[in-house]
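S.K.: Counting from 1, one number per residue, gives the positions in the sequence shown under full-length UniProt numbering.
Everything labelled a hint here was simulated from the structure, so no lab data went into it.
Be aware that one or more of the hints could be misleading.
Straight-line C-alpha distance at most 25 Å; calculated DSS-like pairs for lysine-lysine [claimed, not checked]: (1) K203 - K259; (2) K259 - K239; (3) K259 - K238.
Between beta-carbon pairs, the in silico distance windows are [as the list claims (entries may be wrong)]: (4) R92 - D171: 33 to 41 Å; (5) S247 - P193: 20 to 28 Å; (6) R258 - T82: 20 to 28 Å; (7) G80 - A225: 28 to 36 Å; (8) F106 - T167: 35 to 43 Å.
Glycine residues also receive a C-beta, built at the ideal position from the N, C-alpha and C atoms.
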Amino acid sequence: MPEIAPENALEIVTVAALSDNYDFLVHDPVSGRTALVDAADPAPILDALTERGWTLDEIWLTHHHWDHIDGAAGLFEATGATITGAAADQHRLPPLTRVVEPGQSFDFAGHEVQIMGADGHTLGHIAYYIPDAKALFSADSLMVLGCGRLFEGTPEQMWETLSRFATLPEDTMIYSGHEYTASNARFALTIEPENATLRNRAKTIEEMRMKGEATVPAPLSLELATNPFLRAHLAPVKKALGMADASDVAVFAEIRARKDRF
Numbered sequence: 001m002p003e004i005a006p007e008n009a010l011e012i013v014t015v016a017a018l019s020d021n022y023d024f025l026v027h028d029p030v031s032g033r034t035a036l037v038d039a040a041d042p043a044p045i046l047d048a049l050t051e052r053g054w055t056l057d058e059i060w061l062t063h064h065h066w067d068h069i070d071g072a073a074g075l076f077e078a079t080g081a082t083i084t085g086a087a088a089d090q091h092r093l094p095p096l097t098r099v100v101e102p103g104q105s106f107d108f109a110g111h112e113v114q115i116m117g118a119d120g121h122t123l124g125h126i127a128y129y130i131p132d133a134k135a136l137f138s139a140d141s142l143m144v145l146g147c148g149r150l151f152e153g154t155p156e157q158m159w160e161t162l163s164r165f166a167t168l169p170e171d172t173m174i175y176s177g178h179e180y181t182a183s184n185a186r187f188a189l190t191i192e193p194e195n196a197t198l199r200n201r202a203k204t205i206e207e208m209r210m211k212g213e214a215t216v217p218a219p220l221s222l223e224l225a226t227n228p229f230l231r232a233h234l235a236p237v238k239k240a241l242g243m244a245d246a247s248d249v250a251v252f253a254e255i256r257a258r259k260d261r262f
């Protein structure tokens with residue numbers, strides 16, 4: 001018999017935007033409130049809302065890059081939704097209704113939303129973690145089978161971010177900001193070609209993409225077993241890279257550098 005979700009369970013909808021972006025609608029069926037994580041383009045978001053008969057109440061921004069914020073102004077004009085973003089990023093985000101910092105939390109329709117620091121891809125990047133929904137909205141920090149490029153942060157900062165996420169419950173679902181997974185899988189196989197779980201996952205990803213299916217979200221348990229950027233601390237990975245005695249950060253930096261050249 002299929003498991004029946006509790007009445008108050010949040011409904012999360014992945015919305016494809018631009019060429020490869022993902023934004024996410026988070027809907028509480030009891031209150032009827034709906035939030036949006038990142039805002040690439042108003043049109044597909046408004047279409048998804050209309051299709052479901054939902055009204056947008058809140059927008060939660062993760063970082064300042066244009067492909068995550070450019071739709072916020074149009075959505076604010078269309079819906080009046082409040083906008084949440086990081087204090088450290090406030091000077092380069094749309095006008096914010098609520099300013100947050102890592103370590104803080106806020107309430108969304110009776111659900112706690114925790115703010116987690118996610119420096120690395122950019123400085124001031126944050127992630128939104130909803131414990132009772134088992135959902136981490138990580139945007140361009142931890143990505144499904146990858147991690148974001150280090151445009152502003154350091155390897156130390158990104159490794160700290162990823163290590164923090166790795167301590168979350170393994171059944172946490174990772175909602176990252178782009179459909180990069182097929183390329184990420186091909187790269188991951190250059191780091192751990194003998195990882196059977198990774199090989200099987202790469203095949204599944206290829207099949208999903210051939211059908212036009214989204215590979216986001218994915219469970220943290222699978223990321224821990226296959227994502228090379230979460231595995232830089234493991235002895236077999238260090239040995240495979242010829243860095244058996246190197247620090248975890250140094251190994252992560254080498255993997256990131258190889259991905260940049262891939």
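S.K.: Any of the earlier hints contradicted here, and which numbers?
M.R.: Violated hints (numbers, rising): 6, 7 and 8; every other hint is consistent with the structure.
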